[in-house]
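A.B. asks: Residue-level listing of the chains:
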Amino acid sequence: MNMKTQVIRFPAWRSRMLLLLLLAGFFVLIGRSFFLQVINTKFLQAQGDSRIERVIQMPAHRGMITDRYGEPLAISTPVEDVAATPKDVRINPAQFNALKKVLGLSGQELREKLDAKKGFVYLKRQMPPEQAKAVKTLSIPGVFLQQEYKRFYPSGEMVAHVVGFTNINDVGQEGVELAYQKWLAGVPGSQLVIKDNRGHVIQDAATIKEPIQGHNLTLSIDRRLQYLAFRELAKGVEQSGATSGSVVVLNAKTGEILALANIPTFNPNNRKHMVAANTRDRAVTDSFEPGSVMKPFLISAALMAGKVTPHTLIQTAPGYWTVEGWPIHDADPQGLITVNQVVKFSSNVGASKIALMLKPQVMWQLYHSVGFGQVPDSGLPGEVAGDLRPWKDWRPINQATMAYGNGIAVSLLQLARAYTVFTNGGVLLPVSIIKRTDAPIGQRIISPKIASEIVHMLEMVTQPGGTASNVVIPGYRIAGKTGTAHQAINGSYSNNHYYASFVGFAPASNPRLIIAVTIHDPNASKGRYYGAEVAGPVFQGIMTDALRMLDIPPDDPAQLIAKPDGDDGPSTEHQGLSRRYHASIH
Amino acid sequence: MSNRLNLFLLLAVIVSAICVVSAQNKERLAFISLEQQQALTRKIEVKWGQLELEQSTWAVHSRIQAIATEKLHMKLPQSKDIQIVLAGKDGEQNPK
Chain L
1 MNMKTQVIRF PAWRSRMLLL LLLAGFFVLI GRSFFLQVIN TKFLQAQGDS RIERVIQMPA
61 HRGMITDRYG EPLAISTPVE DVAATPKDVR INPAQFNALK KVLGLSGQEL REKLDAKKGF
121 VYLKRQMPPE QAKAVKTLSI PGVFLQQEYK RFYPSGEMVA HVVGFTNIND VGQEGVELAY
181 QKWLAGVPGS QLVIKDNRGH VIQDAATIKE PIQGHNLTLS IDRRLQYLAF RELAKGVEQS
241 GATSGSVVVL NAKTGEILAL ANIPTFNPNN RKHMVAANTR DRAVTDSFEP GSVMKPFLIS
301 AALMAGKVTP HTLIQTAPGY WTVEGWPIHD ADPQGLITVN QVVKFSSNVG ASKIALMLKP
361 QVMWQLYHSV GFGQVPDSGL PGEVAGDLRP WKDWRPINQA TMAYGNGIAV SLLQLARAYT
421 VFTNGGVLLP VSIIKRTDAP IGQRIISPKI ASEIVHMLEM VTQPGGTASN VVIPGYRIAG
481 KTGTAHQAIN GSYSNNHYYA SFVGFAPASN PRLIIAVTIH DPNASKGRYY GAEVAGPVFQ
541 GIMTDALRML DIPPDDPAQL IAKPDGDDGP STEHQGLSRR YHASIH
Chain G
1001 MSNRLNLFLL LAVIVSAICV VSAQNKERLA FISLEQQQAL TRKIEVKWGQ LELEQSTWAV
1061 HSRIQAIATE KLHMKLPQSK DIQIVLAGKD GEQNPK
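Which chain is which? The protein sequence lines are L and G, in order. Note that this note's numbering has the first sequence beginning at 1, numbered continuously upward. Note that this note's numbering has the second sequence beginning at 1001, numbered continuously upward.
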């Protein structure tokens, strides 16, 4: 039997069919991969990246503000904000009570915040990190922490007006915080990174925005002198029952502001009960009629014009006279006195007579050139220019009263700055709240000879018989000028509201410090309202300790030289020594 | 000949591939440690700021003055208590 091999013949189309199907399958695959790799690649790449790439914030903090020796006056330190996304919050009653306790909120307050129909709410801002940790340990879904920087002011109210403060968003509102906002502020950046499955950053993919750290700022303030100025001013304002007061301490050689304090003040660390008026930097933003502290500038103008010498005699008897029908009085009538004595006794009659010898333009020119009527440009915000009327509008009575500082308005900072003319041999210095690294460029106003003549007159003010003979610092020669002005209230001068001022410098032989003090509205019913009685002691208190702190040697040490036992008073040799010592200081 | 060259090239490719992997791993480790150090720097800076703040809060002058006068009973010398002593040649001339 033949094995019959049965050959089954398939039709040829079948194998072709199979081949075609397989080919079609391949084409579908190729098409799909083309679709994914070429057409849809952007979407897929983004999806892939989003699973490993993260944008992280790069924090930037606000720069520190320090005094001239690097002691901090304002520092930013991180605190935590507790925030929530209300729709995600799952909280049980026990957690609710714990959270309420940590945050220090009432149950209703917390409930309202969590029920808010907002995507995001702050539950509490600026918590200390230790307290915020307690919130973290509760681990409530939808409640989380956000780091933020808060500003602290270690010196508090003492230097509050100079430094100012920032609002809750770290933007400067007052003082140098406002004036130097751009310099101090940090700008947070962001960065794209690749993270692994454990959340570690494994690669820096790209920097989206470079963070800009805030710059530090070194002020010209000396924290020790600032405290001293603040302490003495507070004492002076309290003792005289005044409503407010200000003090400015300048470096007499550089024009730097070493201290600047105002009463009333405020605590920048706790502004809940802050009174807005107390945040005003009165020494810079308020102008007032300075009174007789202006007389040295008038005398400078007269000496410069050659109308008088320090020894020219002026008739001030009988202690009053009238200009255009307006009376001008002396508080302490004198007779025929020299120009020196006009300053020493602060004679209004004498000063107004000297003023009327000058052309208005000459007097205006000097007042203007020492900075009155112009902003002092110290770097502090809100500086006023004061009020110096154009000379063309002056009538003789205006000119006469401006001689003793009435009818003109200046800020205390302007006044202190103007006195640099006398401490620098006639050169006016710019003032600065920022520590200087270079020598200031001054502007010559009067000759060195006139400057030294004025210093001599100002020294007489604090000597026996002068209006400020109570302002004495043993061992030092003090130069200064008192000022007492009636406050103008509703357009006329009040009889019992005053500005009491004192501006002075020491040591007179080689001035190092200028201190300007003004006390507003001392309680006249206590009987003390003169500049010498009210502002003088503040000057004396600050200057005495400041000279010791800064190790400034006495320029009149005769009374202070050690006396051997059993010796009554200084011997002739002592005096000789003191003269030699004296000479070495000059 | 050409076989040998191919074999050599294959080996070189494998070695280079392993090196790439190892270098990338090292780079990541180094990067992680850099990140940690930077985080530490930030943490230390924050701590420094806090300490600076604490120091200046403790060293506030009003507090120092209060402690000096009340607790330690210190006081500033009055001007009558201060004497200047001249040293050197001038000092010797002081009468005994």
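Hints are computed from structural coordinates only; laboratory data are not their basis. Be a bit skeptical, because a hint or two may be false.
To be verified - The calculated EDC-like cross-link candidates involving lysine to aspartate or glutamate, where the alpha carbons are at most 20 Å apart (straight line), are:
#	chain 1	residue 1	chain 2	residue 2
1	L	Lys150	L	Glu130
2	L	Lys100	L	Glu71
3	G	Lys1075	L	Glu148
4	L	Lys235	G	Glu1070
5	L	Lys359	L	Asp393
6	G	Lys1043	L	Glu148
7	L	Lys272	L	Asp170
8	G	Lys1026	L	Glu459
9	G	Lys1047	L	Asp115
10	L	Lys87	L	Asp115
As the list claims (entries may be wrong) - Only part of the chain G face toward chain L is listed, based on derived beta-carbon distances under 7 Å:
#	residue
11	Arg1028
12	Gln1038
13	Gly1049
14	Gln1050
15	Leu1051
16	Glu1070
17	His1073
18	Asp1081
19	Ile1082
Cβ coordinates follow ideal geometry from the N, Cα and C atoms, glycine included.
A.B. asks: Going back to the hint list, which numbers does this structure go against?
C.D. replies: 2, 3, 8, 9, 12, 15, 16, 17 and 18
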